[in-house]
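Line by line, the protein sequences give chains G and L.
Numbered by the numbering used here, the letters in the first sequence go through residues 1 to 308 in order.
Numbered by the numbering used here, the letters in the second sequence go through residues 1 to 299 in order.
Do not take every clue at face value.
[To be verified] Just so you have them, the derived chain G footprint on chain L, three or more residues with Cβ under 8 Å:
(1) 13-26
(2) 125-139
(3) 253-261
[What the hints assert, rightly or not] With the Cβ distance kept under 10 Å, some of the chain L side facing chain G (calculated, not the full set):
(4) 54
(5) 96
(6) 100
(7) 223
(8) 232
(9) 233
(10) 235
(11) 236
(12) 237
(13) 241
Treat the hints as calculated values from the structure; they're not laboratory data.
A quick note: this is a predicted structure, and the numbers were derived from the prediction, not measured.
Glycine included, each C-beta is placed from N, C-alpha and C at the ideal position.
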Amino acid sequence: MTTFVPDVQKVAGRIGAEITGVDLAADLDDATVAVIRGAILEHKVVFLRGQHALDDAAHERFTARLGPLTGHPVAEFVDGADYVLEIDSERGQRANLWHTDVTFTDAPPAFSVLRAITIPPYGGDTQWANTVTAYQSLGPVLQRLADELWAAHTNAFDYTDQIEDDSEAVQQNKERTRRTEFVTEHPVVHVHPETGERALALGAFVNGIRSVKRADSARLFELFQSHITRAENTVRWRWAPGDVAIWDNRATQHYALYDYEGLHRAVRRVTVEGRPLVSVAGETSRTVTGFSWHEARSRARNGAPATV
Amino acid sequence: MTSIEPAAPPLTFTPVTGALGAEISGVRLDADLDPGTVRTLREGLNRHRVLFFRDQSHLDDRGQTEFARLLGPVTPHPLLNGFEAADPVTRFDSLEIRANQWHTDVLFIERPPAFSVLRAVSVPTTGGDTLWADTVAAYARLPRPLRALADELWAVHSSANDYVLRGDRRSSSLAERLEEIVFSARHPVVRVHPETGERALLLGLTARRFEDLSGKEAALVHGLLQAYVENAENTVRWRWSAGDVAIWDNRATQHYAAADYDFRRVMHRVTVDGEAPLSVDGRRGVALSGDGSAFAAAG
Numbered sequence: 001m002t003t004f005v006p007d008v009q010k011v012a013g014r015i016g017a018e019i020t021g022v023d024l025a026a027d028l029d030d031a032t033v034a035v036i037r038g039a040i041l042e043h044k045v046v047f048l049r050g051q052h053a054l055d056d057a058a059h060e061r062f063t064a065r066l067g068p069l070t071g072h073p074v075a076e077f078v079d080g081a082d083y084v085l086e087i088d089s090e091r092g093q094r095a096n097l098w099h100t101d102v103t104f105t106d107a108p109p110a111f112s113v114l115r116a117i118t119i120p121p122y123g124g125d126t127q128w129a130n131t132v133t134a135y136q137s138l139g140p141v142l143q144r145l146a147d148e149l150w151a152a153h154t155n156a157f158d159y160t161d162q163i164e165d166d167s168e169a170v171q172q173n174k175e176r177t178r179r180t181e182f183v184t185e186h187p188v189v190h191v192h193p194e195t196g197e198r199a200l201a202l203g204a205f206v207n208g209i210r211s212v213k214r215a216d217s218a219r220l221f222e223l224f225q226s227h228i229t230r231a232e233n234t235v236r237w238r239w240a241p242g243d244v245a246i247w248d249n250r251a252t253q254h255y256a257l258y259d260y261e262g263l264h265r266a267v268r269r270v271t272v273e274g275r276p277l278v279s280v281a282g283e284t285s286r287t288v289t290g291f292s293w294h295e296a297r298s299r300a301r302n303g304a305p306a307t308v
Numbered sequence: 001m002t003s004i005e006p007a008a009p010p011l012t013f014t015p016v017t018g019a020l021g022a023e024i025s026g027v028r029l030d031a032d033l034d035p036g037t038v039r040t041l042r043e044g045l046n047r048h049r050v051l052f053f054r055d056q057s058h059l060d061d062r063g064q065t066e067f068a069r070l071l072g073p074v075t076p077h078p079l080l081n082g083f084e085a086a087d088p089v090t091r092f093d094s095l096e097i098r099a100n101q102w103h104t105d106v107l108f109i110e111r112p113p114a115f116s117v118l119r120a121v122s123v124p125t126t127g128g129d130t131l132w133a134d135t136v137a138a139y140a141r142l143p144r145p146l147r148a149l150a151d152e153l154w155a156v157h158s159s160a161n162d163y164v165l166r167g168d169r170r171s172s173s174l175a176e177r178l179e180e181i182v183f184s185a186r187h188p189v190v191r192v193h194p195e196t197g198e199r200a201l202l203l204g205l206t207a208r209r210f211e212d213l214s215g216k217e218a219a220l221v222h223g224l225l226q227a228y229v230e231n232a233e234n235t236v237r238w239r240w241s242a243g244d245v246a247i248w249d250n251r252a253t254q255h256y257a258a259a260d261y262d263f264r265r266v267m268h269r270v271t272v273d274g275e276a277p278l279s280v281d282g283r284r285g286v287a288l289s290g291d292g293s294a295f296a297a298a299g
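Make the full structure from the sequences, and use the hints.
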């Protein structure tokens, strides 16, 4: 058991902090994990440089300290690791649109832990946005409007459609991510289960605001999403191999820039199980198509694979 | 002892993103830079659009102005610097003014600055980053029909609502001046860069209306084109330390100063004279109201 005295320094005005003085590959004591968790909840995303000792197994081991690990409903995992997802530009995998991970299911991950494997000399930064301060920056009138709204999220028509690239790798990746279609309804504003803060829940998997006309839906989405992506609510991280970012997926969106054409970028991610979102009025997310968190759990208990 | 001066270290340009921006090391910015170094910096500006220099704490207002003169005649700001004073240094104090909108500097006069030289005098420990966007790359990314549309459009840029005044300044003489004196100019939405020949989008928050379009059409078309400028792949974000200097090509960029901090942030800027923007069909931007000529090129 190793005790560290982590130092936490903010990176941007409203989001992001860098943690130094911790080796995530070590056998951390509970106090150290508590400091890290507290920093994630406060700053929404934290960064740790130079975590070169972290291999796939240690990556999973550390992440499990934040909560039960979760699979990805449509992605494949790295050989020999049950929960390590690789995002590799050479396989056409990019995420250069603002999104929250896996919101097309009713229980998106609570935390994502991402480690940089191969990083171009420049380019390929990631940006995160604070969806809590985005909600707070709305005036009371728009907050009340948002509190009432629900949005449909799906992987059937998602951001990969907007990647203008017909290479085989990109096309294969698109097909894979659609193997099982999900449609889920989430409240546009949800109450964070740990902090109690209200956060906007939108991003690239949204294909419509419920109960309004299509044109209104596009305008309402833009109205709220533009608050999320304002520079004031964001932080931008320039990666080096060995860097680790940990974010609260319930209070952020992120965007991995694709400004490194012809260069290779690969990162690996392990995620912690989340729960269905809860609206201001206390209602929870609804699965319309695909399988719910409860169904996935009972499948897993019956020995079915974590992925489909 | 030897009287031979050590050779100047070579300049290194390190790109900060895949889009624009490079950090320069190996140079101390001052009035004594040799012409070869100045030429290298100008070439670097044409390629990277914005250059970042750390640790230039030796500069004061005068040093900053003298350095900027190496890039061309310096121009005092027509509104913020007062009338009589030919003071070329514009002081941006977060207690008075904020610039957290995407914009290109001083587009409401006929000859907007070619370059801006910005020096971090006092910055908060976190927050207050500046973002720049490449308006040449934004144009290049437009689908063909939108490029053709943009090529034809002309916009009216106005100083009204260009600045967000804060605190006491809201009721100050500056506020009155900004209300009383409105500068405006008519510029092509696509300008041909005078040095590189590249086409760049000329938009930002000062573009109040487009000729030949209704107000509603203008707002929608502005949003359509401006989104290409603000696209993340087209931007760089710089976290300041006191003593940092950024120089950008104001003819090929927009920028945005994030207002995500509570502490005081003071930045000093000197701008270098530019030309009236040239449209793709060979016409120039013109002043519509306000006499900008008296303020241009004080030398």
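Need the list of violated hint numbers for this structure, in ascending order.
4, 5 and 13
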